[in-house]
Amino acid sequence: MAQIELKSLSKAFKTGKVLDGLDLSVEEGEIVCIFGPSGAGKTVLLRLIAGVEEPDAGAIFLEGRDATDAAPERRGIGIAFQNFALFPHMSAFDNIASALTAHGATVATIKAKVDKVAAMLKISHVLNHEPRALSNGQKQRTALARALAADPKIVLLDDPLRNVDAKLRYEMRLELPSLLRASDATVLYVTQDYKEAMAIGDRIAVLIDGRFEQVATPASIYRAPVSVGVARLFGDPTINLIPVNPQAGGDGLSCEISGAKVGLGAAQVEGAGRSMLLGLRPESLVVNDDAGLGGFPVDVVAVTPLNEKSVLLMRTRDGQEIFASEAGVENEERKPGPAFARFDPARALMFDEASGACIGSRP
Amino acid sequence: MEHSSRAERVLRGVLITAILVFFLFPILWIFLMSFQTNEEVLRIPPSLFFKPTLINYASLITGKLQTAAGSLDLAFMLNLWNSVLLSTLSVALSLLLGVPAAYAFARFKFRGSEDIAFTLLSFRFAPPLLVLLPLSLYFQDIGLNDTYVGLIWVYQLIALPLILWIVRGYFEDISPDIEYAYRIAGHSWLQTFLRIAVPLARPGIAAAGLLAFIFCWNNFVFALILASADKQPVTVGALAFVTASGIQYGQIAAAIVLSITPTLALALYAQRYLVEGLSLGAVKG
Amino acid sequence: MNASAKSGGDVALSLAGVDKIYAPTAERPVHAVKALDLDVRKGEIVALLGSSGCGKTSTLRMIAGFEAVTRGSITLAGRRIEHLAPARRGVAMAFEGYSLYPPLTVRDNIAFALKGAKINARDADKAVREVAALVEIEPILDRYPSSISGGQQQRASLARALVRPADLYLLDEPMGQLEPRLRALLRGRLKQLLGERGMTSIFVTHDQTEANALADRVAVMEGGVLQQLANQTELKERPANLFVATFIGEPPMNVFDAKVEVGERVRFAVENGPRLDFSANEFSESARREIAKRARVVIGVRPHDLRLNSGSNEARVVSNQWLGDQSHLALDVAGKLMVAVAFSEMGASRRDNLRYDVPAAKLHVFDADDGKAVSHGAAAA
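So the protein sequences, as listed, match chains A, B and C.
Note that my numbering has the first sequence beginning at 1180, numbered continuously upward.
Note that my numbering has the second sequence beginning at 147, numbered continuously upward.
Note that my numbering has the third sequence beginning at 18, numbered continuously upward.
Careful, some of the hints might be misleading.
[Unchecked claim] The calculated label-pair distances, taken between Cβ atoms and stated as ranges, are:
#1 S1217/A to D349/C: 47 to 57 Å
#2 D274/C to L414/B: 34 to 44 Å
#3 S1217/A to D224/C: 12 to 22 Å
#4 S1217/A to L336/B: 13 to 23 Å
[Stated by the list, open to error] With a straight-line Cα cutoff of 20 Å, these simulated DMTMM-like cross-link-like pairs (lysine to aspartate or glutamate) come out:
#5 K1346/A to E267/C
#6 K1374/A to D274/C
#7 K379/C to E1487/A
#8 K255/B to D1235/A
#9 K1346/A to D349/C
#10 K1374/A to D233/C
#11 K353/C to D1235/A
#12 K255/B to D1363/A
#13 K1374/A to E213/C
#14 K353/C to E1505/A
#15 K1301/A to D349/C
#16 K1374/A to E239/C
#17 K1374/A to D1363/A
#18 K1514/A to D224/C
#19 K1332/A to D1468/A
#20 K1346/A to E362/C
#21 K1346/A to D233/C
#22 K1193/A to E260/B
#23 K389/C to E213/C
#24 K255/B to E1392/A
#25 K1514/A to E362/C
#26 K1374/A to D342/C
Simulated from the structure, these hints should not be mistaken for lab results.
Every value quoted in this text rests on a predicted model; they were computed, and no experiment measured them.
Yeah, the Cβ is synthetic: ideal placement off N, Cα and C, and Gly gets one too.
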C-alpha cells in the first residue's frame, strides 16, 4: 500500500501556477527525493502534504486515507525545516519532546523516546541547551530528532542540510539514509543538490516548473534522463549540450562537431536531418593530443582541479565552450592549447532541440 | 577610519552634556520645587539653596491644603488610585483583546484585514474631541457616564491600537515554520498560539503594554469630560491646585513627582524589554 | 624594513606581522587576524580560504583599506600602503554584496571604473564590452542594478573590478551566487584572463573547490592564523597540520587515533579498529625516526587513496552512494565512518563486508598533541 499518494495535485498563488497536476505514489519505507531548481515548487508541495497550505485541486492520501482536508495536527507527520524552525524559548529536550506531548504520553515515555532519538543523532549531551547555545550542526540534528521522535509513519524533510557547513553536510549525507531506514518511515526529502538527491533517495522525483518531469531511481535518471531539462540538473560540471544536425550514413548516424565528422554509433537511428542537441557528460569525454577515431579538435582554455578530478574548459572551432573531466590528477599536467576530444557513442545522449525530449533508448 | 581625533571626542562630550542638561534639568527643577514652599518657589532670583520641607507631600497625603486664603480639601490620593485602577485595567483589557487580534492580523490575511487594522490605528490620530462630545451624550443615555467601566472602555481607543500594531509586528517576525512545526507535531492552533507565538512575542507585548500604560496614565481630556471628581485620575485632579488664591507650585511639583513615580518605576523595571522592543520594531519597519 | 619586503623583486604584495584587533579597548577585544605574514608574487592568484570568522575577509578589507591595520605593514608594488586611503592604494575590488551605483546602468557602472585611467572613449567602450562578454552580462549592459538578479549584480561587480588597471585585484567571494554551470565556466575563463594578463589577485572564498580551481596558491586560515600557504597539490599531499588535512579535500581526510610501534616493521593500531602493518623500508629513515619519537599519533588517509577489495582489513559497509561519476562508500571503522571514493560504480551493498588497504605512500601521520604533521607517505614532514 502506498504510504503517500498524490493525485493530480495543483496549487496556484497570485503570481501564477506553482504546482500543476502532480501524481506520485510512495511505498512504505521508501525515501523519495523531491529535487529541482529553486522556485520549482518543492517547498510548496511539502507544505501541502503537511497541511499548512491547501491545494486548489487534487487529493492527498496518507497511509491510505484521504487527508486532503485534514488539519495538520491530525496527519501524523514528522517534519524538519530548512531553517530548523526550533522553538527558541525551549531547551533541545523540550523541542524534541514537543512531538510527543500532544498525544498524552507519560513523562517517562517521553523521556525514554527523546533519549533514544537523541542518542541516535548524537546530541544527548546538549539536550539541556537552548537553541541559541547550539552549533549549527547540533541545531540541525535537534530539528531532525524532533521530526523523528514520535516514530511518525511519514517524514517530510525540507532541505534539512541546506544551512550546515559543507563538511557536516557531507557527513549527514552518508548517515541520513541509514538513520531514516532505522526509523522505518516513509520519507519525502526536498533538496536542491543533485548529489544529495542521488545519495539519499531510493527514487528521485524531478520537479521542474511545477511538474514531475521524471520519477525514477538515481542511476536511471543520471544515465537516461527523459529530457534536456532533467539532464542539465545532474552532474558536476553539468552535461555539455552541443547543437548538431545528424545525417544518416552507412554506419548509422553521424554529425559534424568542431569541423570534424563524428559517428554517433549504430544504435542511434532516430533524429536524422533534424536539429538535435548532443548531450555529453564531461566524464565521458576523453581528451588526447591526436585525433584518433572520431576525435574532434578543441582548444583547451583552462585546466581546473575539482576535488580529485581535473576539469578541462575547452572551446570548439564553433566557439562553443564544453567541459571534460578526468578522474585522478594525472592530467593536471595538461596545458592549455590545441587537443582532440572523443567520446563513446554509447554514452552520448540525443535530445530533440525543439521539444527537449530524449530521443532513442539508452542503457 | 575608526580613529577619532581629540577634538572630536571633546565635541562629542560637550554635545552629550548639552542634550542631557536640556532634557533632565526640568525634571531636576520640579524635584527641587516639590521640597519648597510656594514663597521660596516664587522668590526672584531663584536659588538652589533652601531649607527643604515636606509640607507639600504631607498636604497631598492628608488631603488638606493650607493656603493663605484658608484650608482646602484635596482628593489627590483618590486621584492617584483612580489613575492606577483605570490604566491597569484598561491595559489588561487591551492586552486580552489586542494580542489575539494582532495575531490574527499577522497570520491570517482575510478580506479587508488591512482595512480593519488601519481603521483601528486611525483612532490614534483622530483628535479625541471629535469623538468625545457624541460619546459623552451616548454615555449619559446608557448610564456609563462617570463610571469606571465607561472610562476603561474609552481608554481602549488609546491602548488597543498601540498594542495591536506593535505586537502584530512581533508576530510577523516569528517564522511561520516555527508554528507549523508545533502544529504538525500534533498541537491545535490555540496551543500553538499560547505556547509558541505568545512566549516568542513576549518582549513586544511587554513593550506595547508599557507604552499603552504610559499613554493611559497621561490621558487628560477623556477623564476631564467623562468623569466627575471621585473617578478622576491625577492628570485631571491636578487642576485643583489652581485655586482662587493662586497657583500652588510646591504642591503641583510634589504631585508631579508622586504621579510620575509609578510609571517611572514600571518603565525602569521593563526598560530592558522596552528598548529591545522598540528597536526591534524599528528594524522591522 | 621588514624581512619580507626585502625578499626579491617579484613580490607584488607583502603583509608582514599584520594584526587586526576589533574593539581593542573593549572588555573582550576580537583578535581577528594574528601576526599574518603573506607574500604574493607578481601575476600570482592567491585564495584566502577558511570558514566564516577565520579572518579572511578582515585580511582582504585591510589590504583594500576599509579596515585599519592594528599592527604590521602592507607593501604593494614597493610602496607601504597601510596608511593610504583606499583610492590611493592601486587596488581594484569586486564585492560579494550589492555594490553597484544604483543610478547608473551596468555599462556606466563598469565604465566608471575607467574614469581615472585616462583612456579614450573608444578603447574604454571596447574594454567594457570585452569584460562584459567574459562574465556573460552583455545583454544587461543597459539595465539598472535594481532590475537585475543578484548573480548578475555580482558579475557586474566583478567586471567593474577587472576592467581597470590595478596593481592588485581583490575579489570577495566572486562567484558565490552563481548557477553551478556558470560558476564552472567563469572559473575557467577567469583563470585564463588573470593568467594571460598577469593580474596579481587575491580572492576570498569559503569554497575550497573554487580556491583550488582558480588559485595558484591557497592560504588556509583558521582562528585568525594562517595555517598553510601552498599550492593545492601540496595542501592535499603535505598538509601542515591536522586542521589543514581535514579541512582540505572533499570528502575530508579520514583520521584515527592510533598507537604506533617502530621496529623491524612499523605498526599502527587503532583502538577497536584496524592494525596497519608496514615494512620499515616503506618509510624513509627520517620519517621512521620522527614517528618513533611518539607512542600515540593521529593517522590519516584520503578517501580517494584507500584501496578497496585488497589488503587484509575488513569493514562493514554503512552506505554506498553512486553519484553518476563516482561512488562514495562509508565504512564502519572503529565506530567511526571511514569514507572511500572510487571513480567507478562499486557493487558493494549495505552490511556487506569490504576489504581495504592503506598504502604506506598515502598515509599521513600527525602528532597526537599539537596536530602538526609528522610524515606524509614515506617522507617526514
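Here is how each hint holds up against the structure:
1. S1217/A to D349/C: 47 to 57 Å: Between S1217/A and D349/C, where Cβ atoms are some 35 Å apart, the hint is violated.
2. D274/C to L414/B: 34 to 44 Å: Given a distance of about 56 Å, which is not inside 34 to 44 Å, the answer is violated.
3. S1217/A to D224/C: 12 to 22 Å: holds, 18 Å
4. S1217/A to L336/B: 13 to 23 Å: violated, 35 Å
5. K1346/A to E267/C: Holds - the C-alpha atoms of E267/C and K1346/A are around 8 Å apart, at most 20 Å.
6. K1374/A to D274/C: Violated - the C-alpha atoms of D274/C and K1374/A are around 30 Å apart, more than 20 Å.
7. K379/C to E1487/A: holds, 14 Å
8. K255/B to D1235/A: holds, 17 Å
9. K1346/A to D349/C: Holds, at about 18 Å.
10. K1374/A to D233/C: violated, 28 Å
11. K353/C to D1235/A: Violated - the C-alpha atoms of D1235/A and K353/C are around 48 Å apart, more than 20 Å.
12. K255/B to D1363/A: At roughly 39 Å apart (the allowed maximum being 20 Å), D1363/A and K255/B break the hint.
13. K1374/A to E213/C: violated, 34 Å
14. K353/C to E1505/A: violated, 30 Å
15. K1301/A to D349/C: holds, 16 Å
16. K1374/A to E239/C: Not satisfied, since the Cα-Cα distance of roughly 28 Å exceeds 20 Å.
17. K1374/A to D1363/A: Since the Cα atoms of K1374/A and D1363/A sit roughly 23 Å apart, the hinted pair is violated (cutoff 20 Å).
18. K1514/A to D224/C: violated, 24 Å
19. K1332/A to D1468/A: Distance ~57 Å between K1332/A and D1468/A Cα, so the pair is violated.
20. K1346/A to E362/C: violated, 23 Å
21. K1346/A to D233/C: violated, 24 Å
22. K1193/A to E260/B: The given pair, whose Cα atoms are some 17 Å apart, holds under the 20 Å limit.
23. K389/C to E213/C: The given pair, whose Cα atoms are some 37 Å apart, is violated under the 20 Å limit.
24. K255/B to E1392/A: violated, 33 Å
25. K1514/A to E362/C: violated, 29 Å
26. K1374/A to D342/C: holds, 10 Å
Going through the hint list in order, the structure does not satisfy hints 1, 2, 4, 6, 10, 11, 12, 13, 14, 16, 17, 18, 19, 20, 21, 23, 24 and 25.
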